[in-house]
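Chemist: Chains F, Z and Y, in that order, give the protein sequences. Using numbering that gives the first Met the number 0, the first residue of the first sequence is number 0, and each one after it goes up by one. Using numbering that gives the first Met the number 0, the first residue of the second sequence is number 0, and each one after it goes up by one. Using numbering that gives the first Met the number 0, the first residue of the third sequence is number 0, and each one after it goes up by one.
Treat the hints with caution; some may be incorrect.
Unchecked claim - Examples of chain Y residues lying across from chain Z (beta carbon under 8 Å, computed):
id, residue
1, Gln-64
2, Leu-67
3, Met-71
4, Gln-159
5, Leu-183
Derived from the structure by calculation, the hints contain no laboratory data. A quick note: this is a predicted structure, and the numbers were derived from the prediction, not measured. The beta carbon of each residue, even a glycine, is placed where N, CA and C say it ideally should be.
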Amino acid sequence: MKRKTTTRLLNTLVWAIVVLTLSPVAIMVYASLSDYNDVVTGHLVSAAFTPHWSNYREMWVNVDFLAFLRNSLIICGTTTVLATFLASLAAYSLARFKFRGNHPFSVAVSTTQVIPGMLFFLPVYMLYIQIDDAGLPMMNTFHGMIFLYTAMFTPASIWIMRGFFVTIPRELEEAAIIDGCSRLGAFIRIVLPISAPGIIATASFVFLLAWDEVFFAWVLTSSPDVQTVPVGLRLYMGQHATRYDLMMAAAVVSVIPVLLTFFASQRWFIKGLAAGAVKG
Amino acid sequence: MTRPPTSPTLARASRRGDSGRVRAAAAALLLAATCGGAGAVELSMWVMPVTTNAQHDVPDLIAPFLRSHPGITVRVTVLDWESGWNKITAAAASRRGPDLLELGTTWMPAIAAMGGLEPLSAAQLAQVDNGAAYYPQLWKTTQVFGQKAVYGLPWYADVRAAFYRTDVFRQAGVDPAQAFSSWDAFHAALRKINGQVVAGKRVAALAYAGKNDWNVVHNLAPWIWNGGGDVLSADAKHSALNSPQALKAIDFYSSLAVEGLVPSNALEKDSDILEGAWVGGDYGVIFSGPWLMRRIFEAPPGAVVRGNFDVAPYPAGPAGHATFFGGSNLAVFKGSRHKAEAWELVKYLGGKGPQVRLSLVSSMMPARIDAANDPAWTSRHPVYARLTAIAADGHAYPPIPAWGPLETVYTKHLGQLAELSSGIGDKYSVPAMKALIAGTVSEADKVLEEAN
Amino acid sequence: MTAVTGPGLDALASPARETPARPRRRRKVDAFPYLLLAPAALMMVIVNLVPIVQGFRMSMLKLNQYTLSQFMDAPFIGLRNYRGVLLDPTNPVHSGMLGALRNTALYSILVTACSVALGLGVALLLNRDFPGKATARTLLMLPWVVPTYVVGTLWGFMWQRDEGIINHVLVDVLHLMDHKPFWLIGGNTFLAIVIPTVWRAWPVLMLIFLAALQSVPEELYEAARLDGANAWQRFRNITLPSLKPVIVIQVMFQIIDNVYSYNIVAMMFGKGAGYPGEWGDLLMPLLTRQSFSYWRFGEGAAVSFVMMAVMLAFVAVWMKTFRRSMTSEA
């Protein structure tokens, strides 16, 4: 009996927390359906509310948001694949092998996390300009952004993946090698498949981090055929009148695909985290 | 009196001007000779969100130019006011950027001093009559303070005035003709309209942003000017906020908030929100610019503000009724490889027709005097005509390269002043205000000292 | 940092260690681990190392708007930037820095503590089976998925004194307070930035802790229950120790993240141009506003390096203190 009451109490608590946590998001959705002046003056909780579905039509026109979505998918998707791949290689190396560069490299990975983004700005910008001048276009290109993002998010990925690899028993690979497999083959054919949850977890993190990155997206791109969603959101801010209503609508739209992906993959995601982020 | 360039960068810039003249002439000849023929030139143009859909409106605006110059195409990039700053300065530093760009009037001297803009040659200056067609205050912003070189053409103007609700004034028995004739009259008028209930809504007298806003300095400056003071000394080497006239103006301005004529909840908002609230009927008076008209036009059909508003100049202080004058200029980028064509486009956009057309779409005032007096603009709505009249008294900031950091210092301290006025914590008092301004001035002076 | 010793892959790959002490004999270095590392290392060098080195040099140059086009060739002034920024009260970058430092320290500690506590608490709640578990978990991720840029703007609306919904709920609905305070000006700005940050950060921590909780063997709990331990004792003696490695690492990452926090503060107070206030300003917004925005790169780089040095020291001390916890297997 007591168990049941406790259970019901706890369940209620969970849903209460969900509701509380979601209220700002609900306000965001509400604002996306409001009249533009109402959003700005904060007269959101007014009695005469009619949903402005037109905002969802207008947002695609006012700013070329479809292009931004496409660009974000391309850049963030490719970054995710690349970063996860490179991180897997590096993490495997750190997890399995004892070699002189192991500890220094681990320290280097941690160090990259304490560098303030602003410090990057000018050197990276100048570097890209120099490469541009040397003949390989980097500014305002997909590959320029992908390269930067991959380099930015690989260290964190290495952390997660290494923690994951450490939990996989060595015997599996050793058995494969004794059977004649090369080390690389053992990695690809034995370790990677087992690591699917860890890979998914890492990939999801990288995707989300890249999706939200705004500073470098702004300074290194200059046209709608490369710019990403965070840049697009900023473009709703006009000179003297910000279309907050459209911006909220665009934010809602940009959240949905990510959320759906998470919902579909969450079991794997959590399993991946279970071993990965845990062991550090 | 021109000062010699104070840095190698500036020296190089002025030397480049000479060879630039020759190159421009050669390019013009070449262009004339190959008009319509040879390879097409693609110009890259950076603009700010001058309209709500600048990506679409700006190409529309330059379409006639493209028709008459078949060898030229233009790629328009719309920046935003924050990251636009980073991009433009990075472009100026790296010499890689657009061919022509829009710059705020307070940005231009800085970028020019960095050597990022191509100065106008004598021939080009002659083509635009040395800027005679433009408001002189705005023309000054195309130059660096104390120097002769001109770096671009004024494009559109941001001029501010008092937008007030005629119905609220009427109900309170306030005569608009009198209300703005002096500070005391204005004060009395605000007292009368504060708290009036019109169309079921309680109206607060005045709205201005206190701290979380980009207009903090622009809101205060006209009061200082009208009080007989200035934001900088005449030689632009020192901050002048602590002159007796300026302090008096700041005190008057703050007292409006302390007294509650500016409700304290206005102080935490930004201009976007306040303008929306004024359009929604919450305030009687707001100091704003022509873009507010666009918001009024877009207000819902039954909005009380429609048909019930007008504009007036800033309340006249001891020194007059000057108003804030800002806006944007167009310039050719120093690193451009198509300077001649870029100049042609800049010149086109600096012409009367295109300026009128832009102002009709963007609701910003033209920077050309003849365009601002054009019937297409003035007859669109009586308010526009009044704004043109008010612009005659427009004041722009001295075009110093260090304006940006200076404005940041001012914004921060004026924000702290607003906190005093809002009634939180330490209360507002004249000594407290004076101490705060003294701190402002010493920081500002340091910024200016480093610049000189 | 688990130890990776022992025979196995290494022994198969590289020759035995015991070699005769002949001076010329080169020990064959196994290239494989290095090859695996190479691509990632290369990217990291280009994008991290080069800026660090250049940044360090920048911090010793007089690099401002007047010398920016010279970039690395700007005048060398040694440690003058550091002195100016840290000690000179009239230096524009120094102005407000003490306040921002204080705020940043308090902010990162408070946000980290709340996020971790909330994340752990809710993870414990979710570590059971109940109808709609997957949905609840997904919905709770929403704060993290909303772009940070929008978070600042949204909460800026919510914090308004008279129109904002927070005061409306606190005062009009719940009657928790009798008058509506300011959140966007004055001392409350501190809370105004802490709360949205916690709101956005705790779901990820919750997920990580949830994953960690699920890897704790059920047998341990069973054994404890049989021994008569109650819920609190089980939590204290089994859950917490098992989770200690995770908590330690996540706290470290959280503190680093929060020290460098920028987006939310920038968006909430006038889109980056406004002044957040004495209690609302953090180091990165201050640095951006007063240094990087106006090309005082030399000074900005100097402050960045000091920040980096402090954070590196923090990381080093933290890792040393908790080295045992982090390398222990659960």
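Chemist: Now tell me if each hint is right for this structure.
Modeler: How the hints compare with the structure:
no.: 1; hint: Gln-64; verdict: holds, 6 Å
no.: 2; hint: Leu-67; verdict: holds, 4 Å
no.: 3; hint: Met-71; verdict: violated, 11 Å
no.: 4; hint: Gln-159; verdict: holds, 7 Å
no.: 5; hint: Leu-183; verdict: holds, 4 Å
Hint 3 from the earlier list is the only one contradicted by this structure; the remaining hints agree with it.
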